[in-house]
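Student: Take a look at the letters that make up each chain.
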Amino acid sequence: MSDDTYLEEPRPHISNSVYLIVGGFLIVLTAMEITVSYIHALRPVMVPILVVLAIAKFALIAMFFMHLRYEKWVVNTMFVFPLTIALGVFIAMMGLFLYLSRHLVGPGFGIHYF
Amino acid sequence: MAAQPQIQPIVEASYLEGGLISWLNTVDHKKVAMMYAASSLLFLALGGIEALLIRVQLFYPDNHFLSAELYNELFTMHGTTMIFLVVMPLLLGFFANFLIPLMIGARDVAFPRLNALSFWIFLFGGIFLHLGFFWRNGGFPNAGWFGYANLTERMYTPGTHIDFWDIGLIISGVATVMTAVNFLATIVSMRAPGMTFMRMPLFVWTMLVTVVLILLAFPALTVGLIFLFLDRFFGAHFYQAMAGATPILWQHLFWLFGHPEVYIMALPAFGIISEMLPTFARKPLFGYPMMVYSVILIAFLSYGVWGHHMFATGMGPVADSAFAITSMLIAIPTGIKIFSWIATVWGGSLRMTTAMYFALAFILEFTIGGLTGIMFASPPVDLQQTDSYIIVAHFHYVLFGGVAFAIFGAFYYWWPKMTGRMLDERLGKLEFWLTVIGFNGTFFPMHILGQWGMPRRIYTYAPEMGWTFLNQFETVCAFILGLAFLVLYINIIKSLINGERAAADPWDGRGLEWATTSPPPAYNFGNIPNVRGRDPFWITKYGRAGSRGVAMYAAGQIPKPVPEEPLTEPIHMPAPSFFPIVIAAGLFVMGLGWIVLWYRLVALGLLAMFLGIVGMAFEYPTFGQETPETEEASRSAGADVRKVGLWSFIGSECLFFATLISTYVVYKARNPGPPGAEILGIPLTSFSTFVLLMSSVLMVLALNAIQRDDRVWNRIWLIGCALFGMIFLGVEIHEFYSFWQQGMAYQTNLFSQCFYTLVGTHGTHVAIGVIWIWVLIVASFTGKLDKSRALSVEMAGLYWHFVDIVWVIIFTLVYLMQQVKGA
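For the record, the sequence lines run as chains A and B. Residue numbers for the first sequence follow the numbering used here, beginning at 1 and rising by one. Residue numbers for the second sequence follow the numbering used here, beginning at 1001 and rising by one.
Think of the hints as simulated: they come from the structure by calculation, not from any bench. All residues carry an ideal CB built from backbone N, CA and C; glycine is no exception. Do not take every clue at face value.
[As the list claims (entries may be wrong)] A few chain A residues that face chain B, going by a derived Cβ cut-off under 8 Å, partial list only:
no., residue
1, G23
2, E33
3, S37
4, P48
5, V75
Can you make the complete structure from the sequences, with help from the hints?
Tutor: So this is what it looks like as structure tokens:
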């Protein structure tokens, strides 16, 4: 029998303490984000640091609060695949508008975060 | 042996009775499908008449049968109608709706009332699109089915033409996404025992991939249409170059939807052909696994090819090359399919029914359309041919020669199952030959006209251009094609009135849909079948797959119908509901309110929708109660059907927000002057971010509480979560008001409109989440929320956490990264 046809097994129970620890991590990570954004000395590496911290928060919420860590592959695929396409669309739009077609819209046009 | 007591199915009265009411409130997927068919065939007649009027106009050079303005309206409505109101509803709403539950051995779709709601919204959306014609100082939409900006801006197209198109497509889009969520949950979670993914009929596979395409492609169109709405009604300028924006943004958003849309229409057609050929060749489908993988690959690649519609906009050599390569790559999986179909037919014991005629013709006609498509994937070739009649020839060979041929074949193949009556084969053959002659005569000369330089969308041409004869030939053939449609309509009516009775398995079919009566009972199957392999009904009849059936059939050993086993358990079917039609009517009224700019009408529509949604939520079954069919549904894939539905919606939302965020980043960089992102304050938003994150913690605590049946703490955590959500919203409103006081109105510049749109859209999601949580709180206080309904809390929680992670991105990208520049 194939592995994709069976009765649903109950997800393991996650205790309140796990949720509170994750919540604590979220507070700490957000505090780090805000602090980093105010430290001028970190300006050259600020973008990658902020991106990494945001990804960490995103992953914690998705894995523990949305229970993806405990879900079946079907449910994980239903989130990860659209997320990958969404990321691809974002990267493509940035590339198309802010880099590849710069010459079409005149000088001085480009991403201004950096 | 004692006789077993007879168990009767429990079916609501309206399933068994006819009459208008039973159609208005039905939630039966088969009845909903038939309503889709009736509506789409009506729209098909309208779209066909529009096409014939276009052809009459082009019959003579310098013809003034139609004005230029009316010509624009007709080609706009022809494209819009055929794509959104005919092909998609016929494939998804009619065939897939009727057949998916039957093919996978289910009693209905995952969410029957949502299915009815999708239909009514589609119907009201279709009517809305056509209303402009009857409007004072109005007319049909007139900017093409692609609605290129900035032609669609109010200063270039005043009046209500585009308003009807914009709002009508938003309404129809809502219906399409709902259908996609429904089908995805149905296919993933409601397959019969033994129906593994790699045993699913190929039509179901193509529908699974198609609905994923819809969920990931439609958000881009929705965002584009919302921007257009904001431009036309709120003075924004998302597509106005003079404000620093670019009309090219529309093209990216539209084709990001538009090219996957081609496969949204083509893949189900591939599935239809893959069902018909094995039946009429009496052979299993050749290369089933490769067919499945090629469908998935086509869908995946279709997201990376939208730029080939935009070579002429000057995206630059790198982008052009990338889009050219991905576009050409699609030929590989498509070629696999074509060769597999040929190999399926090769050496088979062919029965040349009308359905088989159309299936075989499909292979040839679609291949012609596909080959010209490879030509346009080359930018230098495309630059010569774009906007000429060769493009019109290409996409009609794909969408008519491909998709419409498959639809015609599907009518002859599955109509007996759906209605219990055969379509007349003689009329069918007549229709086939009229279609082949009419279609090729109409569209093949367009290749030549295009090479001669005849542009698309011109309403007339000069006699000295030398285009007259071929245009006249095309017009004559177009009327032959119209005659073919007329034959189909006559055949359908004739069949409904006194068509020959159809057996349960008139074609010696292979799938589960042939294992039940024609037409199927309301509950589809007395007992849910057990699936032992691909082509499950064929295996039931002949013992195993392969060519054994051919030999048996040739020897006259035609198997007898498999007798229905007695019911072993009662069958509960969902009750009918009037709320879907109320909600759809509310959406229609709201759209109308925007057209006439009477905001009380908008509020009235919104109120009707709200009351309809609340009514539907508490109507049946009692709030949050498990229904027998959803318990059944949880068999496959190990995921609850409602959770799968919500996750598919969340997946779609990922693309929705990705598009909004991309636009924000692109336009922030183009903002012509202050105020800009420097106006944003970090401290207050940091506070609201903490509040929102903590609300997520409270939500999971509420879930844990209800899972251990601790109703008091569940209530406390839910109230806390709702209050935190309201604090977040309060801070956002305060922030918006303070920016407005500082001179940053919505229309001030590119930054302001993008900021308010992105953050405001997220805020709207938070507000919906807050309302959802308050509904749970009310349910809890009225004793309707206990451990058995913990899934209701989990569902609200999933949505809430998703809104939370979107804010994690917005907070970083919009607020904190601004510090990088300001530092």
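Student: Run every hint past the structure and note whether it holds.
Tutor: Verification of the supplied hints:
no. : hint : result
1   : G23  : 4 Å, holds
2   : E33  : 6 Å, holds
3   : S37  : 4 Å, holds
4   : P48  : 11 Å, violated
5   : V75  : 5 Å, holds
Hint violations for this structure: number 4 only, all remaining hints satisfied.
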